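Knowing the structure of chain Z, use the given hints to seat chain S on it.
There are 2 protein chains.
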Amino acid sequence: MPDVCANLVSKQFFTFAEPPHELVLESGERLGPVTIAYETLGVLAPDKDNAILVVHALTGDSHVAGCYTKDDARPGWWEIMVGPGKAIDTERYFVICANVLGGCMGSTGPSSLNPATGHPYGLTFPLLTIGDMVAAQKALVDHLGIARLLAVVGGSVGGMQVLAWCARYPEMVRAAIPLATTPRHSAQSIAFNEVARQAIMADPHWRGGDYYEQGAKPDLGLAVARMIGHITYLSNESMRKKFGRQLKSRDALSFHFDAGFEVESYLRYQGNKFVERFDANSFLYLTKAADYFDLDDYAAAGLSAAEISFLVVAFTSDWLYPTEQSRTLVRYLKRNGMDVSFCEIESDWGHDAFLLPNERLHSLVAAFLSRVFRERSADG
Amino acid sequence: MPDVCANLVSKQFFTFAEPPHELVLESGERLGPVTIAYETLGVLAPDKDNAILVVHALTGDSHVAGCYTKDDARPGWWEIMVGPGKAIDTERYFVICANVLGGCMGSTGPSSLNPATGHPYGLTFPLLTIGDMVAAQKALVDHLGIARLLAVVGGSVGGMQVLAWCARYPEMVRAAIPLATTPRHSAQSIAFNEVARQAIMADPHWRGGDYYEQGAKPDLGLAVARMIGHITYLSNESMRKKFGRQLKSRDALSFHFDAGFEVESYLRYQGNKFVERFDANSFLYLTKAADYFDLDDYAAAGLSAAEISFLVVAFTSDWLYPTEQSRTLVRYLKRNGMDVSFCEIESDWGHDAFLLPNERLHSLVAAFLSRVFRERSADG
Numbered sequence: 006m007p008d009v010c011a012n013l014v015s016k017q018f019f020t021f022a023e024p025p026h027e028l029v030l031e032s033g034e035r036l037g038p039v040t041i042a043y044e045t046l047g048v049l050a051p052d053k054d055n056a057i058l059v060v061h062a063l064t065g066d067s068h069v070a071g072c073y074t075k076d077d078a079r080p081g082w083w084e085i086m087v088g089p090g091k092a093i094d095t096e097r098y099f100v101i102c103a104n105v106l107g108g109c110m111g112s113t114g115p116s117s118l119n120p121a122t123g124h125p126y127g128l129t130f131p132l133l134t135i136g137d138m139v140a141a142q143k144a145l146v147d148h149l150g151i152a153r154l155l156a157v158v159g160g161s162v163g164g165m166q167v168l169a170w171c172a173r174y175p176e177m178v179r180a181a182i183p184l185a186t187t188p189r190h191s192a193q194s195i196a197f198n199e200v201a202r203q204a205i206m207a208d209p210h211w212r213g214g215d216y217y218e219q220g221a222k223p224d225l226g227l228a229v230a231r232m233i234g235h236i237t238y239l240s241n242e243s244m245r246k247k248f249g250r251q252l253k254s255r256d257a258l259s260f261h262f263d264a265g266f267e268v269e270s271y272l273r274y275q276g277n278k279f280v281e282r283f284d285a286n287s288f289l290y291l292t293k294a295a296d297y298f299d300l301d302d303y304a305a306a307g308l309s310a311a312e313i314s315f316l317v318v319a320f321t322s323d324w325l326y327p328t329e330q331s332r333t334l335v336r337y338l339k340r341n342g343m344d345v346s347f348c349e350i351e352s353d354w355g356h357d358a359f360l361l362p363n364e365r366l367h368s369l370v371a372a373f374l375s376r377v378f379r380e381r382s383a384d385g
Numbered sequence: 006m007p008d009v010c011a012n013l014v015s016k017q018f019f020t021f022a023e024p025p026h027e028l029v030l031e032s033g034e035r036l037g038p039v040t041i042a043y044e045t046l047g048v049l050a051p052d053k054d055n056a057i058l059v060v061h062a063l064t065g066d067s068h069v070a071g072c073y074t075k076d077d078a079r080p081g082w083w084e085i086m087v088g089p090g091k092a093i094d095t096e097r098y099f100v101i102c103a104n105v106l107g108g109c110m111g112s113t114g115p116s117s118l119n120p121a122t123g124h125p126y127g128l129t130f131p132l133l134t135i136g137d138m139v140a141a142q143k144a145l146v147d148h149l150g151i152a153r154l155l156a157v158v159g160g161s162v163g164g165m166q167v168l169a170w171c172a173r174y175p176e177m178v179r180a181a182i183p184l185a186t187t188p189r190h191s192a193q194s195i196a197f198n199e200v201a202r203q204a205i206m207a208d209p210h211w212r213g214g215d216y217y218e219q220g221a222k223p224d225l226g227l228a229v230a231r232m233i234g235h236i237t238y239l240s241n242e243s244m245r246k247k248f249g250r251q252l253k254s255r256d257a258l259s260f261h262f263d264a265g266f267e268v269e270s271y272l273r274y275q276g277n278k279f280v281e282r283f284d285a286n287s288f289l290y291l292t293k294a295a296d297y298f299d300l301d302d303y304a305a306a307g308l309s310a311a312e313i314s315f316l317v318v319a320f321t322s323d324w325l326y327p328t329e330q331s332r333t334l335v336r337y338l339k340r341n342g343m344d345v346s347f348c349e350i351e352s353d354w355g356h357d358a359f360l361l362p363n364e365r366l367h368s369l370v371a372a373f374l375s376r377v378f379r380e381r382s383a384d385g
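So the protein sequences, as listed, match chains Z and S.
Using the working numbering, read the first sequence as starting at 6 and increasing by one per residue.
Using the working numbering, read the second sequence as starting at 6 and increasing by one per residue.
Extracted from the complex, chain Z is given alone in its bound form (with noise of 0.2 Å):
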């Protein structure tokens, strides 16, 4: 039995925003009754002050670490950086993870039912900013009755959510970790999105969103979408290692439309593996939250009044979200007057890097929450 099924947890639902006390959008729409998956490892402390809210990226879910049943084999998505010990040690912290707001994982999404109608939400369900994922997650976090967390931590959207907790609700906020993401998408980020979406919409079976209750998904669609996402995701030198030229057969060139190369192989079955479990829709909202965020939006807002410290880190590889853009972050918290940390890691994985076990990732982090930790009283 491996280790990691020692850490037993379990998926929890909250639910709130019951009408008429819906959740006002940031589109000025309203949307309820709103549930929320999430999952908790470790103990949350007397004091409450010892809560990390991680918060995941595009097609995550609640399933940070640890495992549901003693004989499950598959681990959460950040098992190398959540557990007994680890960066983020559930020995010493409290870490609660949540489906975002307009997933597919249990939280309320597009392919949840519109209790007003009795059938699934498809494309009435309202578009939603990143902000509004946060303000879920703050009734989460209301609800369990913390004040104030600990840390902030995510990659990539889930660190366009900690920035939005930041500038959104900087009193609750002591310390904050966005790794491999951006204050707003590049022109050439909105465009690999569009297209992914384009390509599920021009799947006849996506049917302007309403194809839940009809036998067919737009998986072809969706399967193109999430092949466009996995090239951004790794770097030409993670490729090239890891596919370079290789052809799938031991002999020649195939002389047909079958994947003849290891890396069309890959694609294809990443494609056809994330159909499985992912909604299409929710594919639609979550890349559009991601376009729309740009965290000027939110700068009057509070960030100034705050009294937050930063673990901002990139990636030398990652193209998608390059050091720059995280650059451009850091200059923009130190104007606000924030204590920021900021590192570049050497890494040839790409985007997907903070995924991967990376050990000065890993130190970095765990140095730094030890240290916002033992501060917590000081400043409490």
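It cannot be assumed that every hint is accurate.
Note that identical chains are pooled: a pair holds if it fits in a single copy or bridges any two copies.
Derived BS3-like pairs (lysine-lysine); straight-line CA-CA distance at most 30 Å [what the hints assert, rightly or not]:
no.: 1; residue 1: 253; residue 2: 278
no.: 2; residue 1: 278; residue 2: 222
no.: 3; residue 1: 339; residue 2: 246
no.: 4; residue 1: 53; residue 2: 75
no.: 5; residue 1: 91; residue 2: 143
For the record, the hints were derived by calculation from the structure and aren't laboratory data.
The structure presented is a predicted model; accordingly, all values stated were derived computationally and were not measured.
This is chain S only, laid out in the frame that chain Z set:
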């Protein structure tokens, strides 16, 4: 009337490889008859020593410069480079440009009628290589009675054809100008092409390539494929300059899935425009040929015995075929004793830079061609 329309051209057709003398492809398959659409500009000298073959990129055609009629407002795709007094000066050189084998602009390709069946080839068309395209061009050059080309010039996938010319028919090439190209695709380039192909094949109107005699074509899939390509043709920087995060409507975020950002609207426009002029199966065949291309496969064939002058040009912001790949090419050519000039041109415009006005590129090409033209009798 614009100046370009003084330069009238017409599309011509050359048919060869009539059965039983079919063209034998690198796969071992036989194809015939083969028609090649081509255009010429300038006058072939009595000695036939002033001919320059321009080869086009992935989705180009034979219409390199000039106009079909005096009131034709749409000039050729390399009008800025080819014409009277231009870098490739049609007052001095005889310029030939042919649509590639496998294309859909007049040359035999998957959309052509298979004379054996009376129906379009579709996927019964044999898979091609860059070498096969060049073999068809060689038949045309032979037909025009030209024993040795003054130069072969082309960018991107055209650059691969330039290299294949030098490797397969070194005695027929005096000078070669491969621009913004690579000796072989990286895993990342293969990955982009594969996802584009998957987008086409995911379109139910593709019908396994057998859509020509049906009502609908796989337009949505082809548009997505083109959008993916477009992202790789532009640089991050050029996208930032062109679009940034500009919104289509003057006011705020639209909160729906229509094209909200300018870059989204641009990509949709490019995708939709492309399907009017291009055949989806040709896109599959031509991208596959590009993925298959590996200069090493032709290496033993003859380059080392050749006396060819090379001008290799890369562009700083080309991330599809980065400068390092041109450097690899230059090292390879020098190791084989070739006369090589290499220049990396500063440009923000990404891979597309070779198609855009650039004084440096124009003067380099003009000077290089003048030199080989001057030296032609010395080594003739």
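Hint check results:
no.: 1; hint: 253 x 278; result: within (19 Å within a copy, 35 Å between copies)
no.: 2; hint: 278 x 222; result: both (14 Å within a copy, 28 Å between copies)
no.: 3; hint: 339 x 246; result: between (37 Å within a copy, 26 Å between copies)
no.: 4; hint: 53 x 75; result: within (28 Å within a copy, 81 Å between copies)
no.: 5; hint: 91 x 143; result: within (26 Å within a copy, 65 Å between copies)
In this structure, none of the earlier numbered hints is contradicted; all agree with it.
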